[in-house]
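Participant: Protein chains in written order, with our numbering: chain E, 1 to 127; chain D, 128 to 276.
Just so you know, the hints here were simulated from the structure itself, not pulled from any lab data. One or more of the hints may lead you astray.
The list that follows gives simulated cross-link-like pairs (lysine to any residue, SDA-like), each with its CA atoms no further than 25 Å apart [to be verified]:
| no. | chain 1 | residue 1 | chain 2 | residue 2 |
| --- | --- | --- | --- | --- |
| 1 | E | K97 | D | D259 |
| 2 | E | K117 | D | L159 |
| 3 | E | K97 | D | F170 |
| 4 | E | K117 | D | H160 |
| 5 | E | K63 | E | R45 |
| 6 | E | K117 | D | S174 |
| 7 | E | K97 | D | D163 |
| 8 | E | K97 | D | S174 |
| 9 | E | K117 | D | E157 |
| 10 | E | K97 | D | P177 |
| 11 | E | K117 | D | A152 |
| 12 | E | K97 | D | A178 |
| 13 | E | K97 | D | R175 |
| 14 | E | K117 | E | W62 |
| 15 | E | K117 | D | A161 |
| 16 | E | K117 | D | P153 |
| 17 | E | K97 | D | E260 |
| 18 | E | K117 | D | L154 |
| 19 | E | K97 | D | M176 |
| 20 | E | K117 | D | R156 |
One-sided excerpt, in silico: chain D residues whose CB lies under 7 Å from chain E [stated by the list, open to error]:
| no. | residue |
| --- | --- |
| 21 | A152 |
| 22 | V158 |
| 23 | L159 |
| 24 | I164 |
| 25 | S165 |
| 26 | W173 |
Heads up, the beta-carbon is just placed ideally off N, CA and C, and yes, glycines get one too.
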Amino acid sequence: MLKKLLSVILPTDPQARDAAIRRNILRDCARMGGTLFGEVPKGNRREFFCLDERTWVWHEEWKDANGVQHALTTRYDIRPHGIFKAQDGQPYQPLTKQEAERLYLAAYQYNQNMHQKFDPLLAAAGA
Amino acid sequence: MTTKHTDNRNGFVTPEGQHLGKIDAPLVREVLHANDISIGLLFELWSRMPAPTEFHPYPAATHYGATAVNQSVTVQPEAHDNLNVHPERREAEVDTLESMMAAPAYGEATANSAQDGLSFVEAQDDISREMDELKRDAYDKMSGVYGDA
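So here's chain E without its partners, still in its complex pose (with noise of 0.2 Å):
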């Protein structure tokens, strides 16, 4: 019965598997990342993680005074040349020098987080 209901749960093709288990670890992440700014006001939603090692984003749910549900999504896109940040399907923008430090203070305290959290099970685990 349990096996049958991990097989819904969990793809049984070994792709699709481990694809499921990355996206879980990543929104697990990505609640982690949200709360590094502070606290969340009730009924929003924020998130912020890092997508693979070019990319960073940041996720923002929240109702404005009129009750209207408004998001925001933010990507910071690492290339050869600079960072850069689109929001929402504009234009891409370079990142300012004082704005990619932020962001490289909170990518940092995101990782020391994240290390925090699993190397001691990656070592228990004894992978």
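Based on these hints, arrange chain D on the given structure of chain E.
Facilitator: This is chain D only, laid out in the frame that chain E set:
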């Protein structure tokens, strides 16, 4: 998803029943490794950037200067407000992660960004080569922070 640390001998288990123990540790390591590399690249690029007063190649960037990651790391209660005041924001897809996973890969994104108005287009080979060089530089510089990284 909340990860529960259950029994280290058997790894840990998510509420969905996923076991992230011995079998899946490589995936976790992969994610962490990508983070490590990314931090090094960010540091390298940031440290290369000129001071703000010397850097004005894209005046439009100033309109977007104060947005998402724009306060301190430890306290940023203003983040929500800053996002709110963005003049051209619009409603976006709900499931960020799903959409970002489906987003174009780096090479494609670069090509798209050229269409979006960036003033340069690089060949993918050049990008890969430069990223490799940058990565090496970043590792060298970050070795003091990450030990043997």
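Participant: So, for every hint listed, does it hold in this structure?
Facilitator: Now for the hints, and whether the structure bears them out:
Proximity of K97/E to D259/D is assessed by CA-CA distance (about 23 Å); at most 25 Å being required, the pair is judged to hold. Taking the CA atoms of K117/E and L159/D, the gap is near 11 Å; set against the 25 Å cutoff, the hint holds. Of the supplied pair hints, the one linking K97/E and F170/D holds, its CA atoms being roughly 11 Å apart against a limit of 25 Å. Taken as a hint, the K117/E and H160/D pair is honoured in the structure, with Cα atoms around 14 Å apart against an allowance of 25 Å.
Between K63/E and R45/E the CA atoms are separated by roughly 10 Å; this keeps the pair inside 25 Å, and the hint holds. At most 25 Å may separate the alpha-carbon atoms for a hinted pair to count; K117/E and S174/D exceed this at roughly 28 Å. Proposed proximity of K97/E and D163/D is supported: the alpha carbons are some 21 Å apart, at most 25 Å. Distance hint between K97/E and S174/D is fulfilled; the C-alpha atoms sit about 9 Å from each other, no more than 25 Å.
Between K117/E and E157/D, the direct Cα distance comes to roughly 15 Å. Compliance with the 25 Å bound is thereby established for this hinted pair. For the hint pairing K97/E with P177/D, the CA-to-CA distance comes to about 7 Å; that is within 25 Å, so the pair holds. This hinted pair checks out: K117/E and A152/D have alpha carbons roughly 13 Å apart, not beyond 25 Å. About 7 Å separates the Cα atoms of K97/E and A178/D, which keeps this hinted pair within 25 Å; it holds.
For a cut-off of 25 Å, the pair hint linking K97/E to R175/D stands: about 9 Å separates their Cα positions. For the given pair, K117/E sits about 28 Å from W62/E by alpha-carbon distance, which is inconsistent with the 25 Å threshold. A threshold of 25 Å between alpha carbons decides the hint, and for K117/E with A161/D the separation of about 16 Å falls inside it, so the pair holds. A distance of roughly 15 Å separates the Cα atoms of K117/E and P153/D; the hinted pair therefore holds under the 25 Å criterion.
With a C-alpha separation of about 21 Å, the suggested pairing of K97/E with E260/D holds against the 25 Å cut-off. Between the alpha carbons of K117/E and L154/D the distance comes to roughly 15 Å, so the proposed pair stays at or under 25 Å and holds. A hinted pair counts as satisfied when its Cα atoms are at most 25 Å apart, and K97/E with M176/D qualifies at roughly 6 Å. Proximity of K117/E to R156/D is assessed by CA-CA distance (about 12 Å); at most 25 Å being required, the pair is judged to hold.
Satisfaction of the interface hint for A152/D is found here, the shortest Cβ-Cβ separation to chain E being roughly 3 Å, below the 7 Å cut-off. Interface restraint check for V158/D: the shortest CB-CB distance to chain E comes to about 5 Å, inside 7 Å, so the restraint holds. The beta carbon of L159/D comes within 6 Å of a beta carbon in chain E, closer than 7 Å, and the hint placing it at the interface holds. Of the supplied interface hints, the one on I164/D holds, with its beta-carbon coming within about 4 Å of a beta-carbon of chain E, less than 7 Å.
Checking S165/D against chain E: minimum C-beta separation of about 5 Å stays under 7 Å; hint holds. For the restraint placing W173/D at the interface with chain E, the shortest Cβ-Cβ distance is roughly 4 Å, inside the 7 Å limit, so the hint holds.
In terms of the numbered hints stated before, the structure departs from hints 6 and 14, listed from lowest to highest.
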